[in-house]
Amino acid sequence: MFQVRIHGRGGQGVVTAAEMLSVAAFIEGRHAQAFPSFGSERTGAPVVAFCRIDDKEIRAREPISEPDAVIVQDPTLLHQVNLFDGLGPDAYILINTERTFQELGMGDFVKQFRPERLLTVPATELAREHLGRPIPNAVLLGGFAALSGLVSIDSVAQAIREKFSGRLADGNVAAAEAAFEFVRAEMQEVTHA
Amino acid sequence: MPYQQIKFYQAGSFVVGNRLLDPEERSVQAKMDRSNSLTSGHRACQGCGEALGARYALDAAMRATDNKVIAANATGCLEVFSTPFPESSWQLPWIHSLFGNAPAVSTGIAAALKVKGRTDIRVVGQGGDGGTVDIGFACLSGMFERNDDVLFICYDNEAYMNTGVQRSGATPPAARTATTKPVGKEPGNVFGQGKSAPLIAMAHEIPYVATATVSDLRDLEYKVERAMELRGARYLHIFVPCPLGWGSASNDTIRIARLVKETGLFPVFEAEHGEVVGVSKIRRQVPVEEYLRPQRRYAHLFKDPPRTDVIAHIQKRADRNIRRFGLLPDENDSADLPGHATDAAGGPGSPPHPDETSAAAILAESHEGAT
Amino acid sequence: MLRQTEGSQAVARTVAMCRPEVICAYPISPQTHIVETLSDLVRTGELAPCEFISVESEFAAMSVAIGASATGARAYTATASQGLLYMAEALFNAAGLGLPIVMTVANRAIGAPINIWNDHSDTMSQRDSGWIQLYAETNQEALDLHPQAFKLAEALSLPVMVCMDGFILTHAYERVDLPDQDQIDAFLPPYEPRQVLDPAEPVTIGAMVGPEAFSEVKYLAHAKQIQALDLIPEIAAEFAGMFGRDSGGLLRAYRADDAETIVVALGSVLGTIEDTVDELRDQGVKIGALAIKSFRPFPLEEVRAALAHAERVVVLEKALAVGIGGIVSANVRMALSGIQLHGYTVIAGLGGRPITTASLHTLFKEAIADELQPLTFLDMNWEIVQRELDRQRVDHRPGPHAENILRDIGIVAARSH
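Protein chains in written order, with the numbering used here: chain A, 6 to 198; chain B, 23 to 393; chain C, 22 to 438.
Next comes chain A alone, as it looks inside the complex (with noise of 0.2 Å):
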C-alpha cells in the first residue's frame, strides 16, 4: 500500500487532489481511498487530505500517520504546521514553490531524505500560465506522477478530465503535464549531480 499526504489550505483545492489521484489509480485498475482530514473548512485554513493506493481492498479507515509521500501546495504551512509527521527515510516529498529547499529554510532537514525523492515545482505559476488560475493542485499531481511513478501522466490526465471540462480541463492538463516535465528534469539533475 501506497500512501500519500496531501497539505494545503482551504480553497487550493486540496480534497479534490486526493480525489483525482485516487481516480487516476483507478484508471490504472487499482484500488485507491481518498478522504478529507474534515477540518473546520475554511477558505485560507490549513487543510488535510488522504490518499491510499494498493492492489488489494483498502480496509483502514484511520488518517495517514506515516505517508510514504507528503505533496504541499502551500509554502506558507512549512513552519507552521508539521507537514512531515510520521514521514520515512524514503519518502517523497513535493512541494509547490519557485524557490529552492535551502530558501525555505529547509536544508538541513532535507539531507535525512533520499535527494531524488525530494523536489520542488512552481506549481502555481504553471497554473497561473496554463489554466489562467493559481490552483496547483491538479499541477501537482502531474509532477507527483513524475516523482514517484505511482500514477502515469496520461491517467492523471485522464483524472482531470473527469472533474472538469471544456478549458479548465484543458489548462489543468496542460499545467499539469507541464509540471511532469518540470519534475522529471529535476530529477535526471539531481540523479547526475
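FYI, nobody ran anything at the bench for these hints, they're computed from the structure. In this text, all values refer to a predicted model and were calculated from it rather than measured experimentally. Note that beta-carbon positions come from the ideal geometry of N, C-alpha and C, so glycine has one too. Be a bit skeptical, because a hint or two may be false.
What the hints assert, rightly or not - Coverage of chain B stretches by chain C, computed from C-beta distances (three or more under 8 Å per stretch; other residues unrestricted):
{"no.": "1", "region": "88-95"}
{"no.": "2", "region": "99-106"}
{"no.": "3", "region": "111-125"}
Unchecked claim - Per label pair, the in silico range of CB-to-CB distance:
{"no.": "4", "chain 1": "C", "residue 1": "Q248", "chain 2": "A", "residue 2": "G34", "range": "39 to 45 Å"}
{"no.": "5", "chain 1": "A", "residue 1": "S157", "chain 2": "C", "residue 2": "D299", "range": "27 to 33 Å"}
{"no.": "6", "chain 1": "C", "residue 1": "A351", "chain 2": "A", "residue 2": "G49", "range": "44 to 50 Å"}
{"no.": "7", "chain 1": "B", "residue 1": "V205", "chain 2": "C", "residue 2": "H417", "range": "34 to 40 Å"}
{"no.": "8", "chain 1": "B", "residue 1": "R345", "chain 2": "C", "residue 2": "M229", "range": "42 to 48 Å"}
{"no.": "9", "chain 1": "C", "residue 1": "A351", "chain 2": "B", "residue 2": "E109", "range": "40 to 46 Å"}
Following the hints, complete the assembly by docking chains B and C onto the known chain A.
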C-alpha cells in the same frame, strides 16, 4: 361564486333562509347526498363549535372536489373526539400523525398525489389553534413558503382545549385559561401577546387567506369552495366557540360566534396574495361587553367592581380592527366584491380603502395605538 | 459498473435508481452531498417522476415523508445527528404507523458540545424508535443496502434507516460497483402500499388507541421486527444472487471460527479492526472480528452462535450511554446471557476521534492478556479529564465541560492534522 344572503329579520339569522334559495345556492348540509365527511357518533361536547365548523368545511370541500379530498389532522380535540379507536367518524381518507406536523404531512400527501398524476384529489390539513399557531407554526410557514397545494384550516377556539384549556398563542387578552387565571395583578391572559395567524398567512402572499365563524355557515362554505377553486397554499381561519373551555352555554355557540364578528373583535375577510379582497361587514355593531358576558372565561371582568378598564382595552382592539379592515358599512359603498356580505339595509358592502388592503398596511397599523 | 466516486454520490445514485417518488430533505453535515446529488437528478429529469421538496426542518422532512408514504408514494429522506433528534417524534410516529420510509443517516455525534464528526450516538439514541437499523461497513455496502432497505421496508411495512459513518464513508472516494437501473428494477418492484389514503376507499389512519388495545399494537410492531430477522438474510441472499456480492445480512464474521478473542463492532471501523486482526493473526494470535449489520432487530441468536465459543469478547463501540457505559455491549451481553466469558466494552471514536491500528493493536493485546477494565475508553486524555475532575471537587464552577477544560489548556492550537 358569491352566495346570496336571505335576510330573515325576526330570527336575526340567515340559517332559516336556506329553503328560500335556489337549490344550487343552498348549504351543502341541505342536501341528502352530502358526504357527511365527519359523521355522527363522534365524542365532541354538546355545542362544540369545532365539530360544527369541521363538518361544514369538509362537506363543502368534498362537494367542491367531487368527493376527492384527503385530510391530515393535527392532534387536538377534533382528532381525539373523532377517532376513538376502534371507531372513526371520518368518511373520507384521513390521517393523524403528530401535533406539530399537520401542514407538513399535508405537503407530503400533495407531493405524492402530484407524482402519481392525481392532482384531481385535493388536500385539506386541519388543526386547532395550538397545533396551527404554536407548535405547528414552522411547518405551516414552510408549507406557505413553498406554496404547496394544500388548504389548511385552523379551528380557533383560542386555547389548548383538549389538554384542559391552557393558554395558546391565539388566546385573547384577559381570557381566563388554566394557565392564565385571573389571580394576582393580571386579569387572565396578558395584553401585548398573541399573534394573528391570518395576517401572518397574508404576509406569505399565498393565493388565498380567509377568516370565518360558525355563525355564518354559508359564508364558511363559500370560502372553502372559493379556496378549492384555487391551487397553491390556502389558509382558512375559523372562529369556533368552545362551551366547555369558555364557560358558555352549549346552545350559545352560534350566537357567540356572531357576536365576536359584530363587535369587530374577529374580522371576517378574504385576502388573495397578501391583499384583502373582501370584508364581511358588521350588520349592527355591538359593544364588546355583550360578547364577553356570556362567557365565564371573562367572568372576572364583571365582578364587583367591574374591570371597566380592561373591557375598554378590549373595546379598543375591536375599534382598531373595525378601522383597519373597514368593517362598518359606508354610505358611499360601491359594487359588491366577491364574497361580500351586504348590510342590513340591502346596500352593497363597501370595498376596503386602497391603503388598507395590503398586509403591510394593516401590519403597519398594528403599531399604532395601545395594545 | 465500477466507478471511483464519493460515498455520498454512490448512495445518491443508487437511491435514485430505487425510483423514490417523494424526496424531502433538510441539509445537515455530513449528509449534504447525498441530497444535493438527488436534487440535481430530479432537476435534470434523470430521476422522474419524483417530487423533491426542500423542507424547513428535519421534523418537517420526516413528516412530509409520512404524508407521502401514507398516500402510496415511495418516500426517502436523509439526515444526521441533530437532525435525527429533531425528527425523533416523527420517527416513532412513522414506525408506529407502519410506513415503509427509507432514510440514510450519515452517522454523526450529538451535541452539546456541537460536533460534526462521526460517531454512532445519533442512531443509537433512536434504536427503540421502531425503525429497522442497518449499518454499512463500506461505501459499497452503503449503496447496496438501499435497494435492500426499500425492499425490506415495503415487505414488512416498517421504516428502515441505513447508517453510514459520516465523513469517513460519506466523503471518502473509493471504488464501488454501481448497479444499473435494470438490475435495480428487477430486484425492487414498484411500491404497493397496504393501507393508503385514497378517496376511492377511505380509511382513518392514526386513531387514538387506549389501554385496551395499545399493548397489542405495540407487540405487533415488535413481531414485525422479529420477522425481519428472517427477511433480512433472505433479501441479502437474493441480492447476492442478483448482484454477485455479499452485502447486508444480519452479521458477518471475520476469522472468528477458531478465535479465542472476538472483537465486535458496527460500521466502517471494522476495516481497521480487520487489518489489526490480520496483523495479530500473523503473530499467531487467535483473534477474529464480528460485524453486526442489523442492529435493530438485534440478532440475539446469531450473535450468540457467533460468540459462544470465544474466551473473550471485546465490543468496540462509537457511542456512550452516559451513566452506564456501552450500548452495543449491553445488547451483546443479552445475547450471551448464561455464557461465561470475559466481556470488555471499549468506547472509541467519539466525536470523530480517529481509531488507529496502532491503538487497536495495543488494546487487543491488553484484552488478550485480560488486563482490560470491563469498560475502557480508547485514547482518552486522562490528564485533562483528571485535572478537570480535581478542579470540580474544589471549585464548583458551573458551566459546560468543554469550555471549562479550555481554561486549563489555554488556546487550543491547530493540530498538525
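Hint check:
Check result for the region 88-95 of chain B against chain C: holds, 6 residues qualifying (beta carbon to beta carbon below 8 Å, three or more required). Counting residues of the region 99-106 of chain B whose C-beta sits closer than 8 Å to any C-beta of chain C gives 4, which meets the bar of three, so the coverage hint holds. Coverage of the region 111-125 of chain B by chain C holds [criterion: at least 3 residues with CB-CB distance below 8 Å; count 11]. Taking 39 to 45 Å as the suggested C-beta distance range, the pair Q248 of chain C and G34 of chain A conforms, at roughly 43 Å.
Hint check: S157 of chain A to D299 of chain C, Cβ distance near 30 Å, so the stated range 27 to 33 Å holds. Our hint of 44 to 50 Å for A351 of chain C and G49 of chain A holds, since their Cβ atoms are close to 45 Å apart. The hint said 34 to 40 Å for the Cβ distance between V205 of chain B and H417 of chain C, and at roughly 37 Å that hint holds. At roughly 44 Å, the beta carbons of R345 of chain B and M229 of chain C sit within the given window of 42 to 48 Å.
For A351 of chain C and E109 of chain B, the hinted distance range of 40 to 46 Å is satisfied, since their beta carbons lie about 41 Å from each other.
In the structure shown, no violation is registered for any of the earlier numbered hints.
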